[in-house]
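S.K.: Sequence:
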Amino acid sequence: MDKIEKKLYTATVNVQGGREGKAVSTDDNLNVDLRFPKELGGNGGGTNPEQLFAAGFAACFEGAMGTIMRTKKIKSEGVSIVSNVTLGKDANDGYVLAVAFDVTIKGVDRSVAQEIVDEAHNVCPYARATRGNIEVVSNVVG
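Converting from the sequence shown to our numbering requires adding 1 to each position, the first position being numbered 1.
Note that these hints are calculated values from the structure, not bench results. Glycine residues also receive a C-beta, built at the ideal position from the N, C-alpha and C atoms. Be a bit skeptical, because a hint or two may be false.
In silico BS3-like links for lysine-lysine, alpha-carbon gap of 25 Å or less [unchecked claim]:
no., residue 1, residue 2
1, Lys39, Lys73
2, Lys107, Lys74
3, Lys8, Lys39
4, Lys76, Lys39
5, Lys23, Lys4
Beta-carbon label-pair distances, calculated as ranges [claimed, not checked]:
no., residue 1, residue 2, range
6, Thr27, Arg111, 37 to 45 Å
7, Val113, Ala60, 44 to 52 Å
8, Asn85, Glu6, 32 to 40 Å
9, Asn30, Asp110, 31 to 39 Å
10, Asn44, Gly67, 33 to 41 Å
11, Gly79, Val16, 43 to 51 Å
12, Asp28, Gln52, 14 to 22 Å
13, Ala92, Thr68, 36 to 44 Å
14, Val138, Glu40, 17 to 25 Å
Between the sequences and the hints, there should be enough to build the whole structure, so can you do that?
M.R.: Following this line, the structure appears as structure tokens:
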């Protein structure tokens, strides 16, 4: 297991009430109501852990892609990721997550885009942390 040898940043968020509560970061930049989605029998009206994970993972992954593109001096006309996080149950009735990214790198050949995405899985801390723990699929589209 890789250990942190040099701390760069620590995010601190206070969560109270779980899926029917509130999440507030110490700098107040994140301040959201948490609610069960309607699809899980809730009333909606707030965000949920799956949406937060989808946003965080995709943002981190896109950052890793940007690092790779800068290192290799690859220019694009824009990058976007549609991030799908699915909550489900496994064969033992335990909760599990799966992630599917649809990645678009405008102005870059599809094979080069695929190489960038493949390398990003080795650079992105979220991708490294989830490797072998949850299914993560990245599709290069567009």
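S.K.: Of the numbered hints stated previously, which ones are contradicted by the structure, given in increasing order?
M.R.: Of the numbered hints, 1, 3, 4, 5, 7, 11 do not hold.
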